[in-house]
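Note that the protein sequences, when read in sequence, are chains A and B.
Here my numbering is used: the first residue of the first sequence is 1, the next is one more, and so on.
Here my numbering is used: the first residue of the second sequence is 1, the next is one more, and so on.
Read the hints as simulated data drawn from the structure, not as lab findings.
Note that beta-carbon positions come from the ideal geometry of N, C-alpha and C, so glycine has one too.
Keep in mind that a hint or two might mislead.
[Said to hold, decoys possible] Calculated pairs, BS3-like style, for lysine-lysine (alpha carbon to alpha carbon, straight line, at most 27 Å):
| # | chain 1 | residue 1 | chain 2 | residue 2 |
| --- | --- | --- | --- | --- |
| 1 | A | K237 | B | K286 |
| 2 | A | K418 | B | K83 |
| 3 | A | K149 | A | K190 |
| 4 | A | K237 | A | K155 |
| 5 | A | K155 | A | K185 |
| 6 | B | K276 | A | K351 |
| 7 | A | K155 | A | K122 |
| 8 | B | K227 | A | K351 |
| 9 | B | K286 | A | K155 |
| 10 | B | K26 | A | K418 |
| 11 | B | K83 | A | K237 |
| 12 | A | K149 | B | K286 |
| 13 | B | K182 | A | K418 |
| 14 | B | K182 | B | K227 |
| 15 | A | K523 | A | K315 |
| 16 | A | K185 | B | K286 |
| 17 | A | K122 | A | K78 |
| 18 | B | K276 | B | K286 |
| 19 | B | K209 | B | K141 |
| 20 | A | K78 | A | K120 |
| 21 | B | K209 | B | K242 |
| 22 | A | K195 | A | K185 |
| 23 | B | K227 | A | K195 |
| 24 | A | K190 | B | K227 |
| 25 | A | K195 | B | K209 |
| 26 | A | K185 | A | K65 |
| 27 | A | K237 | B | K141 |
| 28 | B | K83 | B | K141 |
[What the hints assert, rightly or not] Label pairs and their calculated CB-CB ranges:
| # | chain 1 | residue 1 | chain 2 | residue 2 | range |
| --- | --- | --- | --- | --- | --- |
| 29 | A | Q142 | B | Q266 | 46 to 54 Å |
| 30 | B | D135 | A | S540 | 31 to 39 Å |
| 31 | B | I218 | A | S388 | 43 to 51 Å |
| 32 | A | D389 | B | Q36 | 46 to 54 Å |
| 33 | A | H319 | B | D135 | 24 to 32 Å |
| 34 | A | E236 | B | Q129 | 30 to 38 Å |
| 35 | A | I43 | B | G18 | 58 to 66 Å |
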Amino acid sequence: MDISIRIGGEAGQGIQSISSIIARTFVRQDFYVFINQDFASRIRGGHNFDQVRISNAPVRAIADKVHILIALDKETIKQDIDCLADNGVLMFDADAIGFTSENPNHFAIPFGQIASEAGKSKIMINSVATGAAIALMDCELQPVLDCIKEQFQQKGSEMVENNQRSATVGYDFVRRNSKVKPSLKVPSAKTVRRKMLLTGSQAMALGAMASGLKFYSGYPMSPATAIMEFVSSRAEKYNIVLEQAEDEISAINMVIGANFAGARAMTATSGGGFCLMVEALSLAGMTETPAVIVVAQRPGPSTGLPTRTEQADLKFVMHAGHGDFPRAVLAPGYPEQAVVLMSKAFNLADKYQIPVIVLGDQYFNDSYFTVDELDIRDIVIDRGHILSDQDLPSPHEYNRYAADDSGISPRILPGHTKAVLYADSDEHTTAGHITESAAIRNQMMRKRMQKMEGMQREIGPPEIYPAGPAEFALLGWGSTYGAIKEAVDQLNQNGNSTQMIHYSEIFPFNLRHVTTEQLSKVKIIAVENNYTGQFADFFSMATGLSIDQRILKYDGRPFTSREIVDQIKDAQ
Amino acid sequence: MVTLEDFNSDDPIAWCPGCGNFSILKALKQALVGIQQQPHELVIVSGIGQAPKTPHYIRCNCFNGLHGRTLPVATGIKLANHKLTVLAQGGDGDGYGEGGNHFLHAMRRNINITYLVHNNQVYGLTKGQASPTSDAGFVTKTTPRGSMSPACNPLLLAVASDCSFVARGFAGEIDHLADLIKAGILNEGFALIDILQPCVSFNRVNTFKWYSDRVYRIDADLSYDAKDRLNAFQKAQEWGDKIPIGIIYRNQRPTLESQMPAIADQPLVAQQTDPKVFTELLETFK
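Using the sequences plus the hints, can you model the full thing?
Here it is, written out as structure tokens:
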């Protein structure tokens, strides 16, 4: 089973209330649901849609065809009718949007009238549409009514009843009047409430909090804002200080200050905001202060497509900042991985006293994924080498930047009773004082860069799926995980020998993870949401392997597996 | 008992002979001894310029960061461990030019840190360009026809921002300056101390004599009420033949950190996280 529903309309029409109730209804019955949110950069109006995919196997990408299209405005019909699958059903309110059709699959439902009568208000059309869609899928209504109750119970029993009645009448209307018998076969299921439905942003925030996040500073910017809002709404309960900064420069410098003082701290932004943070990234590198920065990418250059998706900041974050200094770059492909990698980001940052960048993008951050398990209990917090009051003999002249062969200097935190510390953005002596000495400069550069070796050993390998030899390899990173994996399955079903090589821990690159001899015989096809193939360039440079084909998408929209499969076929 | 020797640093000083910074350093140490500040519980955050080298010449915890970004780093430190005494230090270019936005918002937040701005009305370390506080007509290598913009008035900005403690000191009056710094640190809230400081290398207009001839102590007038904001607006605008030094404005309003429930019991750095606690959050997604 693999059903997709698209709900299209203007911003402010309540698209999300339909998609979220449908999604939650099915997740609670133990299905896998995925929601992609496609919206314009405006508060009201425009053309927007949510696409809900329901399956009994894990889904982490959108489908290119939908079985039900709910059009809350006429523009949706104009723009999205082509995405209807054969026998797919369009649902719309003929009077409200001024559209009529003789096509039996175009199902006019008086959403507005039902809402006014059954729900006592036009705003109930979302519940009417939800009930109607559930009826079309031939599912029971009760789980929907339960979800509605939970969603609206804070607003009072009248609100719950009006919404439930609207859904019921919408459901009954479709049952009575449907001329189509859709080919949707949803197996009946029990409500078990086992799986979780959450966005990439929520997974990142959750991972950070469970890893000991104590301080967050940020400046609102799509698509990173949801991380700040998630932390903010739970900050009081979990003793986290969150300060909205006056700009991104302030945010990252506050994070550096908090980390210097010893609190785990992070910020999140998008490409434009990260541009402003770059000087401080270099500061973290020089002063050897831990910092975790999430960059949720969106299409650039400049303001670009503010509410859409792209993977075009990889080269930027890998090279950002003046001077050579060590850093790590991670890019989760799905929420479970985001939790693990946020924990890893904080541990690497503390252990190596470096900035760590975690890349997301609008597709990853805003999409809802269904997750069976999040291993929060397994998170290990490693604060690195911090000297306590007992660790230093008294009196002690502590040298902040003294280090062994690892390049890592044991830290003390300000307030240590036996020593003080000097941290400096100028080149400095082991004591942290400003120096112009050529010899010390050489020693300090080597000491800092030495840390890359240890980090390299801790970077995890790419995911190879399926294992074993293959003819074609689809090379990707970060958020394209779901679409690439699905494409691999489809290609292999068609008799191809295809493999996914997916990188989520990108920098520093560990060459030992790549068997170049074997890969030199494989046709490598890079799949990336950007114009040039930024990871492909990097991979090629690091390994000496050539990339045989690049499947690139830079229209601000995410890949479907179909697009990948079709382009590979085109090339063959 | 904390003494002056406790603040001795063996880092050699890199300032020009005769620089006003020497007097400010002396006043700062004097103030720290005056309030019996333990060096290990003190953090001085500084930017880039000649003034920001100061914390290297004091035994304390020091974070010498970026030009203009002193206040955000200091804010992060204070929020992570509000038990520490946090000072921020920089010059006029650092604080009022590059860091202008942070200056406004630090005052608005009322984070409990003390900000010392060594104001010599010129860029020193970059060797003599106009600064945000250079007077109109001030001739430098970058303003050959004289600065076309009037000087920004940080004290007026501070009073307008309802800054908790607003003062002006003069490097030539060390004891008075030390008293201001003491009062600033003891003030619960954001304290701005703008310090007039002659630059012997690049400012031939606003010299030691120029300042000495003009400054007068506000506290000589016992009737001046620093809690009266309208008075403060007037006082902050005095510049020219007579320049007031002393506490121009003070008010008491809640500090940022005092309003944060997360640190009501203990500072963030003293708190441990148990990842298992967050499993309860997972239920909200089901």
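Results for each hint:
no.: 1; hint: A:K237 x B:K286; verdict: holds, 20 Å
no.: 2; hint: A:K418 x B:K83; verdict: holds, 17 Å
no.: 3; hint: A:K149 x A:K190; verdict: holds, 18 Å
no.: 4; hint: A:K237 x A:K155; verdict: holds, 23 Å
no.: 5; hint: A:K155 x A:K185; verdict: violated, 35 Å
no.: 6; hint: B:K276 x A:K351; verdict: holds, 22 Å
no.: 7; hint: A:K155 x A:K122; verdict: holds, 17 Å
no.: 8; hint: B:K227 x A:K351; verdict: violated, 49 Å
no.: 9; hint: B:K286 x A:K155; verdict: holds, 21 Å
no.: 10; hint: B:K26 x A:K418; verdict: holds, 24 Å
no.: 11; hint: B:K83 x A:K237; verdict: holds, 22 Å
no.: 12; hint: A:K149 x B:K286; verdict: holds, 15 Å
no.: 13; hint: B:K182 x A:K418; verdict: holds, 25 Å
no.: 14; hint: B:K182 x B:K227; verdict: holds, 18 Å
no.: 15; hint: A:K523 x A:K315; verdict: holds, 24 Å
no.: 16; hint: A:K185 x B:K286; verdict: holds, 24 Å
no.: 17; hint: A:K122 x A:K78; verdict: holds, 24 Å
no.: 18; hint: B:K276 x B:K286; verdict: holds, 17 Å
no.: 19; hint: B:K209 x B:K141; verdict: holds, 23 Å
no.: 20; hint: A:K78 x A:K120; verdict: violated, 30 Å
no.: 21; hint: B:K209 x B:K242; verdict: holds, 13 Å
no.: 22; hint: A:K195 x A:K185; verdict: holds, 21 Å
no.: 23; hint: B:K227 x A:K195; verdict: violated, 60 Å
no.: 24; hint: A:K190 x B:K227; verdict: violated, 69 Å
no.: 25; hint: A:K195 x B:K209; verdict: violated, 76 Å
no.: 26; hint: A:K185 x A:K65; verdict: holds, 16 Å
no.: 27; hint: A:K237 x B:K141; verdict: violated, 56 Å
no.: 28; hint: B:K83 x B:K141; verdict: violated, 45 Å
no.: 29; hint: A:Q142 x B:Q266: 46 to 54 Å; verdict: holds, 49 Å
no.: 30; hint: B:D135 x A:S540: 31 to 39 Å; verdict: violated, 58 Å
no.: 31; hint: B:I218 x A:S388: 43 to 51 Å; verdict: holds, 47 Å
no.: 32; hint: A:D389 x B:Q36: 46 to 54 Å; verdict: violated, 21 Å
no.: 33; hint: A:H319 x B:D135: 24 to 32 Å; verdict: violated, 43 Å
no.: 34; hint: A:E236 x B:Q129: 30 to 38 Å; verdict: violated, 47 Å
no.: 35; hint: A:I43 x B:G18: 58 to 66 Å; verdict: holds, 60 Å
Checked against the numbered hints listed earlier, the structure breaks hints 5, 8, 20, 23, 24, 25, 27, 28, 30, 32, 33, 34; every other hint is satisfied.
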